[in-house]
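**Student:** Each protein sequence line maps, in turn, to chains A and B. Mapping to full-length UniProt numbering: the first sequence position 535 is 535, numbers consecutive. Mapping to full-length UniProt numbering: the second sequence position 485 is 485, numbers consecutive.
There are no misleading hints in this set.
One copy or two, it doesn't matter: identical chains are merged, so the pair holds either way.
Here are the simulated PhoX-like cross-link-like pairs (lysine-lysine), alpha carbons at most 25 Å apart as the crow flies:
#, residue 1, residue 2
1, K306, K32
2, K529, K224
3, K719, K224
4, K170, K32
5, K32, K538
6, K719, K58
7, K172, K312
8, K529, K58
9, K32, K172
10, K529, K157
Hints are computed from structural coordinates only; laboratory data are not their basis. Keep in mind it's a predicted model, so treat the numbers as computed, not measured.
Protein chains: 2
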Amino acid sequence: MKWALAFQDEEKFRRREQEHPERELEHALSSKYESLNYEISENQLYRDEEGNPDHHMKLWHRSRNRWIVCFLIGVITALIAAAIDIMVHYSQQIKFRIIIKRLLSKCDKETDLTGAGCMWTVEIAWMCYNCLLVGVAGFLVIFWSPVAGGSGIPQIKCYLNGIQIPEVVKLKTLISKAVGVACAVGGGLSAGKEGPMIHSGAVVGAGISQGRCRSVPFDTGLFKEFRNDRERRDFVSAGAAAGVAAAFGAPIGGVLFSLEEGASFWNQNLTWRMNKNYNIWEVPLFLMVGIIGGLTGALFNHLNSKMTEFRKKYVSNKWRRLVECLLVAAISAFTGFITLFLVDDCQPVGVNPNITEVNQMWCKKGEYSAVAKLFFQNPEESVKALFHSPINSFRPWTLLIFSLEYYLLTLWTFGLSVPAGVFIPAILTGAAWGRFFGIGVGRAFPNITGIDPGKYALAGAAAQLGGIVRMTISLTAIIMEATKDITFGLPIMLVLMITKWVGDIFNEGLYDIHIDIQEIPILGWHPPKMSRNILAEKVMRPDVVAMERRERVARVLAVLRATSHHGFPVVDRIEESAHSSLPDYGHLKGVILRSQLVTLLEKRVSYPFPSRSQNFFTSTLVHLLNLYRLFAFNKKQQDKSVDSLGLTMSDELCWMDLEPFIHPHPHRVPLNASLSFIFQLFRGLGLRYLAVVNDENKLRGIITRKDVARFRERRSNRKYQVQELYIAEDR
Amino acid sequence: MKWALAFQDEEKFRRREQEHPERELEHALSSKYESLNYEISENQLYRDEEGNPDHHMKLWHRSRNRWIVCFLIGVITALIAAAIDIMVHYSQQIKFRIIIKRLLSKCDKETDLTGAGCMWTVEIAWMCYNCLLVGVAGFLVIFWSPVAGGSGIPQIKCYLNGIQIPEVVKLKTLISKAVGVACAVGGGLSAGKEGPMIHSGAVVGAGISQGRCRSVPFDTGLFKEFRNDRERRDFVSAGAAAGVAAAFGAPIGGVLFSLEEGASFWNQNLTWRMNKNYNIWEVPLFLMVGIIGGLTGALFNHLNSKMTEFRKKYVSNKWRRLVECLLVAAISAFTGFITLFLVDDCQPVGVNPNITEVNQMWCKKGEYSAVAKLFFQNPEESVKALFHSPINSFRPWTLLIFSLEYYLLTLWTFGLSVPAGVFIPAILTGAAWGRFFGIGVGRAFPNITGIDPGKYALAGAAAQLGGIVRMTISLTAIIMEATKDITFGLPIMLVLMITKWVGDIFNEGLYDIHIDIQEIPILGWHPPKMSRNILAEKVMRPDVVAMERRERVARVLAVLRATSHHGFPVVDRIEESAHSSLPDYGHLKGVILRSQLVTLLEKRVSYPFPSRSQNFFTSTLVHLLNLYRLFAFNKKQQDKSVDSLGLTMSDELCWMDLEPFIHPHPHRVPLNASLSFIFQLFRGLGLRYLAVVNDENKLRGIITRKDVARFRERRSNRKYQVQELYIAEDR
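Please model the entire structure based on the sequences and the hints provided.
**Tutor:** Written as structure tokens, this is what we have:
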């Protein structure tokens with residue numbers, strides 16, 4: 001009878017989902033994301049292990065290995081970042097030096113585009129090459145590793161927040177991310193390689209620290225002590241930091257995350273030395289730039305989220321998605337080409353030293369095309385040009401048209417099924433309109449000298465990026481490190497703050513929007529305001545599946561089959577309730593993990609009689625039980641893993657003594673604890689679950705991370721409200 | 001009978017102290033430091049307040065005020081730092097330009113020191129001036145504000161860790177810190193102004209955010225919403241960050257703390273641009289520098305801790321301490337003077353541009369004294385000279401002698417009763433021996449060019465500082481920002497890591513040593529290793545003083561008088577125990593704070609019968625109760641505060657209903673929770689106390705921060721052990 005509880009419970013979960021059809025479909029949390037577990041299960045075996053005389057040695061080895069792993073993470077992340085850079089470089093070299101230059105040399109550039117078909121040949125070759133590269137990127141993402149699409153920062157943010165995003169730190173994700181981003185950037189998309197580099201670093205961190213790779217499969221047998229969620233998170237965080245350092249040449253920005261854990265490494269391909277100064281009266285102008293950045297950023301996020309929803313609905317088919325990638329590649333190439341032709345902005349080479357042949361295009365000998373300089377270089381080079389070129393290097397309208405086009409292209413590109421970041425495109429867009437703004441200021445106040453549009457380009461870059469991603473601390477660090485000068489620290493900070501204020505009036509940052517769209521149950525930094533009157537009773541799920549300290553194998557099996565829970569509270573007594581369909585649980589005694597139960601079943605740690613299992617287990621068992629077992633969370637695999645244990649009917653009649661294996665003091669809150677209190681426990685301690693007990697310490701419910709994440713702060717008309725989402729299955 | 005419990009308990013505390021006379025006196029925690037309370041007491045009134053319609057407005061005002069306060073903190077901290085700089089500058093100007101120059105001009109520098117008494121006149125004038133300034137600094141610290149002595153970083157570290165250090169963020173501390181450090185540095189002590197600037201920033205943060213000043217007393221009535229420990233800590237942290245930024249011109253180092261909270265500000269007086277590069281084969285040499293730094297740093301810390309203990313024993317008298325200050329001032333001045341005379345290191349002015357007249361001293365016209373350049377400039381200038389001067393600017397022996405002397409002087413100065421930091425002295429010492437090391441390397445490998453001793457001076461500076469304070473993250477950030485170049489990031493990081501490894505073999509960082517010496521109950525970053533077998537039962541104090549939900553005024557008064565506890569658990573029932581002298585407590589119902597009890601008594605919220613106080617309290621009471629009341633924690637004042645309420649005999653017979661005022665869900669752990677679990681709760685959530693309950697949620701004891709801090713990790717011979725300190729009263 002008691003054994004049937006699990007099934008009954010499961011049905012109830014289902015019913016619960018169907019009970020609220022009136023709720024809007026848009027606001028839900030997906031049930032496909034499980035939480036990571038950062039808590040250590042301190043069972044009796046674990047404690048005994050600490051008394052073991054060679055435990056000291058283990059602690060030493062662990063701390064030594066931590067340094068080794070961090071060093072390796074730094075080096076390998078840097079190598080991968082360098083490899084991406086090299087791939088991008090050569091793919092562009094092939095494009096510019098070989099394809100374009102050879103074809104161009106055959107053309108008579110003085111004739112009209114319509115007149116000579118030759119220019120069309122160049123354009124088509126250009127498009128085809130870009131489409132080929134972008135096609136490879138799209139293919140990798142769409143058909144091999146979907147999680148490698150996009151910038152990867154939202155996924156890593158969620159992972160570090162404690163959410164298990166399937167496949168996010170796998171080797172195949174790394175490969176398709178690295179190759180894909182090189183193809184996407186090399187293929188002329190309006191895409192950055194920074195986000196993907198950070199994601200790559202995170203994968204490296206996860207892979208090396210585990211000393212094995214599931215995809216190949218390949219197990220070095222090393223670093224077994226790091227095979228748990230807690231250690232892995234730390235290494236993923238170190239890897240992401242190494243990725244930041246590698247991508248931005250911003251070691252402080254990156255190192256501040258990871259230094260205490262170990263070494264780091266970086267290259268310096270993104271440094272814009274600013275040797276300029278600003279005047280105090282320019283600060284209001286910078287603030288205006290910040291406001292523009294906030295507005296355009298909020299608009300970007302709004303349009304991008306609409307576009308993502310559209311994409312979700314209508315570009316659902318895999319081939320359609322590939323076609324979209326190719327379409328964007330072609331249009332990106334075409335836009336550059338047509339702008340180049342229509343906007344006649346030829347500048348004498350004399351004023352600017354870094355001119356390659358490609359920049360000449362339709363211009364006369366001794367001149368170069370400012371548009372080509374913006375469109376057809378490495379984006380990093382274009383940014384440098386916008387910051388540092390002399391005052392007349394770009395005509396204002398060139399800048400405006402370019403920034404508008406690039407803004408729209410970036411809008412379309414972000415969310416495409418290729419690995420693509422938004423950092424550099426946003427910086428480039430902002431630098432272009434910032435420079436335009438600066439030129440405008442110079443013309444408005446012709447009597448004042450010292451208005452260098454390059455300064456406004458920097459402010460615009462910061463504003464556009466800040467308006468889209470809404471970070472302040474790390475962006476300031478990254479931009480200041482990239483400009484290598486503290487002089488602009490204050491204006492950049494001000495710009496970023498204004499930008500954030502303005503942008504936050506309308507919507508959230510781009511990454512958060514994408515996290516929302518993917519229905520990932522992330523927890524913010526602070527509990528929702530006005531959440532002190534929402535009590536544990538309301539937050540918890542009362543239909544909890546608990547176990548007694550001694551259970552029949554059959555009941556354990558039934559529970560494992562019927563539920564996909566990661567852990568089960570253990571109580572001293574389960575009784576049927578007189579007034580409720582839910583059972584009456586006794587005092588909370590601990591928690592046992594699914595992985596531990598499966599291991600116990602696998603090792604047949606069960607007895608014919610419900611007695612205590614004295615001295616039955618040996619100290620080696622602790623290794624088995626604390627082994628880091630990654631469970632696939634979809635139903636099929638999990639059923640398989642229980643059924644594949646091959647338990648016989650007689651096995652099922654045996655009894656298990658769970659007591660030595662339970663974590664004896666799980667976190668618990670009383671029924672009247674407030675949501676904000678619960679939130680702080682989850683956030684401060686990285687919990688996965690929390691038991692809710694009544695005044696007598698009897699189990700009354702359980703709160704998981706998702707239950708907490710359901711409650712979101714919404715602000716409207718100066719009022720704070722708590723919005724309650726529901727958890728959607730099968731989405 | 002129940003009322004007598006409090007007294008009985010108190011006696012037991014006393015006995016407990018005396019029970020363990022065998023414990024060494026050196027290892028104890030002082031009972032004079034109370035914890036701060038970062039938890040919000042969510043009583044019913046507080047929750048009702050959230051339902052109040054104008055609560056939204058309050059949230060808006062609070063968030064606006066937060067920005068205003070942060071902006072003010074930044075500006076005022078920067079002004080104070082600038083004022084300190086200006087005071088130092090002018091005191092040195094007076095010394096060099098007026099006193100020394102005038103007197104020197106009368107002397108015949110070519111004659112011997114012994115020959116002409118004139119030079120002695122200069123020396124004595126010099127000493128007197130220095131002693132005068134240092135005397136002022138010492139007087140301020142010794143007779144007015146003792147907590148202003150030293151660098152202030154250990155105190156701020158403890159404050160942010162959650163410990164109430166009396167007077168640490170008072171106005172008078174700020175005044176004597178700022179004036180004192182200017183006098184100490186101006187008075188030629190081997191002292192830095194960075195630590196005191198950070199401390200000053202922290203005081204500014206505390207003062208402004210509270211909108212009032214107790215010392216004057218002066219209350220603007222503003223920012224009342226920030227008058228609690230939690231908010232104050234955040235602002236103190238922002239202030240300290242502003243102090244870092246102001247002291248080091250290192251906004252990222254500082255801003256990373258505070259940016260999300262608000263604006264920051266800085267000046268740029270400490271920037272050492274390095275336009276050099278290093279070779280890969282130099283890395284092992286840098287590592288050697290790191291090892292030397294680790295060893296000399298560990299020796300420094302060891303000697304300084306011995307010296308501090310000596311000082312504690314023998315320089316206990318106030319006047320003795322003042323004499324010691326004067327002695328150090330005189331000896332510092334004398335050392336410089338005598339070295340200048342004995343070490344004959346005259347350099348032609350030609351090779352170095354920044355030579356003032358003071359630097360000439362005994363040298364011929366057209367020459368300057370390298371010793372004077374080291375001893376008699378601003379230390380920052382000396383550091384710059386060591387980093388940037390051409391290869392032959394200093395003779396090696398000059399450097400060695402200088403670094404040795406400065407090392408010893410710094411050793412003696414740190415811990416003296418004047419405000420004095422250790423950053424710049426350590427950097428200067430390290431830069432001197434680092435440059436010496438660099439010259440040695442150059443001579444050892446005469447065939448290799450490119451060995452610039454300036455690079456080794458930088459590495460030495462980092463190593464010496466790292467060896468003493470053992471920070472890695474923030475030091476790297478600060479040094480890299482100060483050198484304004486990422487090129488040296490990697491070697492500096494390596495040097496700092498090696499230094500930390502080497503130093504940590506021998507002892508802890510200087511700040512931690514001083515925290516230990518002062519017996520402050522600080523919690524580290526991680527729980528002590530091997531602490532999973534120490535259970536809550538052992539950590540807790542079983543002799544807890546609890547209350548029922550309805551209590552007689554007389555019993556509340558008795559408890560308040562007899563104990564100095566900050567909060568009291570509330571249970572549903574207190575009964576005498578059959579088997580123990582301790583009472584049997586019922587189910588844990590909540591916690592009530594001392595400040596709330598005093599306010600309730602003050603407002604006479606009591607009734608003649610033990611009934612529920614329906615509708616008796618109004619919403620305005622919530623303000624009274626949540627008012628931030630700072631309690632003096634020594635016995636006398638606290639008795640006064642209860643007795644001064646003027647309660648009559650008939651008042652004492654009344655009953656209080658505590659229920660609406662209790663925090664209904666305090667953090668609790670079961671008896672079998674491990675120390676490491678408890679530690680993580682305290683550290684992760686900033687708790688002040690934790691209730692320990694049995695399996696039925698009945699109160700069994702209480703754990704305070706001090707009880708947790710008692711357990712320290714000690715490592716010997718590759719074994720980790722947990723050392724248990726005891727809490728000493730009246731020390």
